[in-house]
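Asks: These protein sequence lines are chains A and B, in that order. When we follow UniProt numbering, the leftmost residue of the first sequence carries the number 1, and every step to the right adds one. When we follow UniProt numbering, the leftmost residue of the second sequence carries the number 1, and every step to the right adds one.
Quick caveat, the hints were computed from the structure, so don't treat them as lab data. Fair warning: there could be bad hints in the mix.
For each label pair, taking beta carbons as the anchor points, the in silico distance ranges come out as [what the hints assert, rightly or not]:
| # | chain 1 | residue 1 | chain 2 | residue 2 | range |
| --- | --- | --- | --- | --- | --- |
| 1 | A | GLY53 | B | MET185 | 45 to 53 Å |
| 2 | B | PRO415 | A | VAL35 | 50 to 58 Å |
| 3 | B | GLY38 | A | GLY196 | 39 to 47 Å |
| 4 | A | VAL35 | B | ALA411 | 50 to 58 Å |
| 5 | A | GLY53 | B | ALA195 | 30 to 38 Å |
| 6 | A | GLU58 | B | ALA629 | 39 to 47 Å |
To list a few chain A residues with every Cβ distance to chain B over 12 Å, as calculated [said to hold, decoys possible]:
| # | residue |
| --- | --- |
| 7 | SER11 |
| 8 | ALA20 |
| 9 | SER75 |
| 10 | PRO88 |
Because the structure is a prediction, the values reported are computed rather than measured. Beta carbons are placed, not taken as given, at the ideal position from N, Cα and C, and that holds for glycine.
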Amino acid sequence: MREFAYARARSVDAAVALVADNPGARYLGGGTNLVDLMKLGVERPDLLVDVTGLPMHEVTEDGDTLHVGALVRNSDLAAHPLVRERYPVLSQAVLAGASGQLRNVATTGGNLVQRTRCGYFTDATKPCNKRMPGSGCPAIEGEHHNLAILGASDHCVATHPSDLAVALAALDARVGVQDLAGPQEIPLADFYRPVGDRPDLELTVRDGALVTGVALPPLPAGARSAYRKVRERASYAFAIGSVAAVLKVDDGRVRDVRIALGAVASHPWRARVAERALVDAPATPPAFEAAAEAELAAARPLRDNAYKVPLIRNLVVAVLSELVGDR
Amino acid sequence: MTRTWQAAPSVGHPMARVEGFDKVTGRARYAGDVALPGLAYGWVVPATIPRGRVLHLDVEAALAMPGVLAVLHQENAPRLTDIGEGTLFLFQGDRVPHWGAPVALVIADTPERAREAAERMRVDYLPEPPDCVFRADHPALYEPRFVNPHNETVTEKGDIDGALAAAAVVVDAEYRTPAQHNNAMEPHSTTAVWADGRLTLRTSTQYAYAWSQSLTRLFGFAPGTVRVLSEHVGGGFGNKGNPPRPDSALAVMAATLVGRPVRVTLTRPQLWPLTGYRTPTAQRLRLGADRDGRLVAVEHLAAVQTSRLVEFTEQVTMYSRPMYAAPHLRTGHQVVALDVPTPRWMRAPGEAPGSFGLESAMDELAEACGVDPVELRLRNDTADDPTTGLPFSSRRLADCLRVGADRFGWAGRDPRPAVGRDGRWWRGTGVAGAHYPARTVPSTAHATALPSGEFVVRVAATDIGTGARTALTQLAADALEVPATVVRVLIGDSDFGPAQGAGGSTGTASWSWPVVTACRDLAHRLASGEAVPPHGLTSTFDSTDAVRARHELARYAWGAHFAEVAVDVTTGEVRVPRLTGVYAVGRVVNPLTARSQLLGGMTMGLSTALLEESIMDGRFGDYVNHNLADYHVATNPDVGELDVAVVDDPDDELNPSGVKGLGEIGIVGVPAAIANAVWHATGVRQRELPITPARAAL
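Can you make the complete structure from the sequences, with help from the hints?
Replies: Here it is as structure tokens:
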């Protein structure tokens with residue numbers, strides 16, 4: 001392990017000033033991903049700026065919007081009464097992730113910017129375009145049974161490992177960030193870059209921007225939401241496929257639907273094609289299946305992950321059907 | 001042999017393990033925990049090619065880094081004696097035998113500095129094209145001279161092909177099991193210290209005595225030079241077994257080179273290439289039977305892999321040799337040497353993968369004959385070993401099957417597959433038999449009476465979490481006819497003399513023989529009035545002659561496993577709400593620790609059935625999911641209700657204590673029982689493990 005400096009930030013401005021122009025600096029929140037990557041030699045920072053003392057620990061209401069501070073721990077987020085009441089999909093997603101011990105320290109902001117668990121990325125002895133641009137992607141011909149089927153490129157087929165972010169994608173959440181230019185809020189859908197030929201560049205915000213929180217707009221009246229995760233082990237495993245859905249049905253017809261897919265792409269995958277296919281469609285399993293098929297027409301599975309296509313299709317149908325049938 | 005054991009006050013009681021308090025309070029010290037003045041740390045520089053030569057190591061740059069004391073490599077390492085163990089023949093040349101093999105060891109004053117220098121060391125290689133991928137039809141497969149540990153490669157009785165051609169019903173199927181890594185919780189670690197001309201190793205080993213002998217020969221030391229201590233070992237599952245591991249040889253080299261104590265501890269990813277694993281297997285089963293399911297022919301052939309360093313052939317089809325009656329019976333093995341890490345022992349080596357083949361094929365035969373799978377196994381029970389013709393010392397497979405069927409509620413099961421739909425779940429049940437050899441190995445123990453009235457028993461045993469220390473305490477107490485509270489059993493020290501290790505379910509069966517005999521002798525001497533001198537009165541017993549004088553018999557523990565599964569129709573997720581295991585394991589010394597062993601075996605079987613798979617990337621020669629996030633071991637929510645029972649199994653043909661090992665039989669057959677239940681639930685045969693959602697999806 002290389003020696004590094006450690007600083008505790010006294011304000012958001014001070015934290016951003018320390019990290020913004022320093023490519024060797026990293027923010028330290030819960031550390032559940034960053035510290036692992038440091039042990040593996042994947043991250044080798046010169047400076048860790050501990051942001052856990054900053055005032056970003058609250059869940060607050062602002063009119064209809066719920067603001068979640070970037071430092072709200074996963075456990076606290078999942079247990080928050082307003083989250084459980086208004087956004088069951090979010091609470092369910094958080095509780096489906098990691099382990100109790102990890103959720104007690106992992107933060108909301110850190111969750112959004114965690115790195116892929118692709119085994120070639122986390123092994124510093126292997127090539128990886130995300131870790132070492134231009135070195136190649138061994139996953140495409142190698143071990144990829146849990147890697148991307150949507151939106152990947154010839155340069156990278158990594159998946160984003162988060163459950164929480166999949167729920168946020170379905171909730172049309174906005175991400176609060178601050179960089180040297182000041183604070184801003186951007187839709188989660190615009191927070192992640194498409195993979196393209198630079199898989200090392202994952203976010204649309206400037207290097208050194210600090211995630212300060214997440215804003216959750218209200219769901220349409222009468223809408224219901226749910227998250228379902230499939231994993232190989234019953235607990236403490238990353239998804240091999242997950243679905244977050246928000247659904248409003250009137251008179252047997254879909255009035256509002258949002259679907260986000262996890263473990264299929266480099267970022268939470270908002271299933272816009274499926275959503276468009278479902279607007280005003282009958283809220284029935286055949287319609288859900290047709291919509292899922294339409295979304296998955298763009299899937300480009302690899303040698304060993306084609307199982308994800310029917311898995312996701314079945315999961316979309318099951319989750320939407322449960323949201324209809326559960327009333 | 002006449003019955004030599006009696007019911008007694010300590011044996012049979014659920015005594016809590018004697019070192020339990022030390023373990024839960026952190027007082028127990030494991031190999032990597034011991035603090036020593038002047039301790040230095042070695043860090044492995046692993047090869048990053050699967051095959052080729054080391055051209056150059058940038059040793060100078062490493063030596064210039066902070067805290068680095070020395071670098072061990074092929075040019076300055078001591079010359080070793082070739083003891084036929086290639087994994088220990090380290091730094092003796094420039095060949096790279098596999099990915100992750102040590103090419104150098106950096107020694108520094110802290111582990112962090114050693115690691116930093118090791119990870120930064122530049123190594124130039126001359127790579128050669130590797131061959132790392134195991135295939136059932138690999139052209140380099142061959143029949144080895146013997147299979148593990150020293151068993152016949154092929155057995156043949158009767159006319160298999162003729163019998164199959166004439167059989168009314170034939171099952172012919174191929175089964176595959178993946179590479180698996182043992183993944184004990186305690187890291188593999190060795191600390192080497194020279195003092196007064198002796199070398200003491202504190203290491204995580206299941207075989208303290210055997211390691212001391214192997215390392216003495218490897219380094220050409222005078223006999224008695226090496227002492228191996230392993231007071232507490234945090235799990236092993238075979239891959240802290242014999243022979244010694246590279247970290248022990250490296251620690252010896254390093255301590256010798258730098259003249260101070262050196263510790264070498266492997267990280268989780270490093271254990272993948274350096275400590276062994278279970279080979280992948282490809283198995284072909286051909287069963288011939290009459291219309292009532294009575295076997296006329298059993299053929300079980302397996303292919304496995306080994307490394308270029310050692311020929312290590314897992315004894316996969318030995319499972320079929322004693323299991324079911326068949327007039328025509330053939331078993332065989334082939335192995336291929338690849339540019340891969342060396343496979344080693346993993347819980348129930350041979351029997352665990354082999355039982356998946358035979359017990360799955362038996363289920364297919366039950367289906368083909370229309371006979372209940374429990375009844376099919378009962379119909380093919382036998383009084384004599386069908387391969388050797390030897391009588392069994394005891395054979396209680398039928399008892400296990402009947403008791404298990406009763407406990408599980410097997411009666412009335414609808415034999416048809418894919419009829420048990422319950423909401424989003426398909427439900428089904430399955431069964432498998434099990435056996436595991438009941439071996440006893442010569443060992444030596446000493447029993448000492450102290451003037452205080454206490455007793456100390458010394459035997460170079462190891463407790464890898466099994467409860468062996470506690471069981472020996474109970475056996476010793478009864479032999480001495482004293483309460484267990486005045487008996488202290490000391491283990492994990494090679495200086496106690498030759499003794500079997502904790503492996504092959506032989507531990508308690510082997511150690512108890514000299515422990516009990518020495519204790520009885522001591523009790524007799526005390527009863528006849530012999531005085532206890534100030535340093536104590538000691539009786540020693542070496543069981544070698546007694547073990548060799550036993551009758552030639554087929555000695556086995558027996559078992560049966562029953563599984564209920566639920567398969568999600570949407571996703572292919574398989575859950576196991578219920579497992580029942582029933583065992584005949586001789587005399588149970590401690591029902592508490594015995595039950596834990598059997599629960600652990602069943603859980604590992606479940607984990608094998610559904611989760612565990614080491615994935616080889618043949619371009620690198622590396623098992624690329626080398627961590628506990630990507631290599632899935634069962635968690636609590638994966639485990640449903642576990643029901644464990646033992647049937648009475650008095651067996652006087654074993655050892656004076658009447659014990660059979662029970663550390664491994666719990667895993668045997670569980671994957672087949674679960675796979676058979678998945679077939680019953682869904683109608684789809686699962687002939688390849690693990691049964692992941694991708695494989696079970698409908």
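Asks: At the C-beta level, are GLY53(A) and ALA195(B) separated by a distance inside 30 to 38 Å?
Replies: violated, 49 Å
Asks: If I take the minimum Cβ distance from SER11(A) to any residue of chain B, is it greater than 12 Å?
Replies: holds, 32 Å
Asks: Taking the beta carbons of GLU58(A) and ALA629(B), is their distance inside 39 to 47 Å?
Replies: Distance hint for GLU58(A), ALA629(B) is violated at roughly 31 Å.
Asks: Does the Cβ pair GLY53(A), MET185(B) satisfy 45 to 53 Å?
Replies: violated, 34 Å
Asks: Could you tell me whether the CB distance from VAL35(A) to ALA411(B) stays inside 50 to 58 Å?
Replies: This hint holds: roughly 55 Å between Cβ atoms.
Asks: Taking the minimum C-beta separation from SER75(A) to chain B, is that value above 12 Å?
Replies: The claim holds: SER75(A) sits with its nearest Cβ about 18 Å from chain B, beyond 12 Å.
Asks: Hey, is PRO88(A) genuinely clear of chain B, shortest beta carbon separation above 12 Å?
Replies: Its Cβ never comes within 12 Å of chain B, the nearest being 19 Å, so this holds.
Asks: Taking 39 to 47 Å as the hint, is the beta-carbon distance of GLY38(B) and GLY196(A) inside that range?
Replies: violated, 54 Å
Asks: If we take the beta carbon of ALA20(A), is the closest beta carbon in chain B still more than 12 Å away?
Replies: holds, 28 Å
Asks: 50 to 58 Å was suggested as the range; check whether the CB atoms of PRO415(B) and VAL35(A) agree with it.
Replies: holds, 54 Å
Violated hints, listed in ascending order, are 1, 3, 5 and 6; each of the other numbered hints is respected by the structure.
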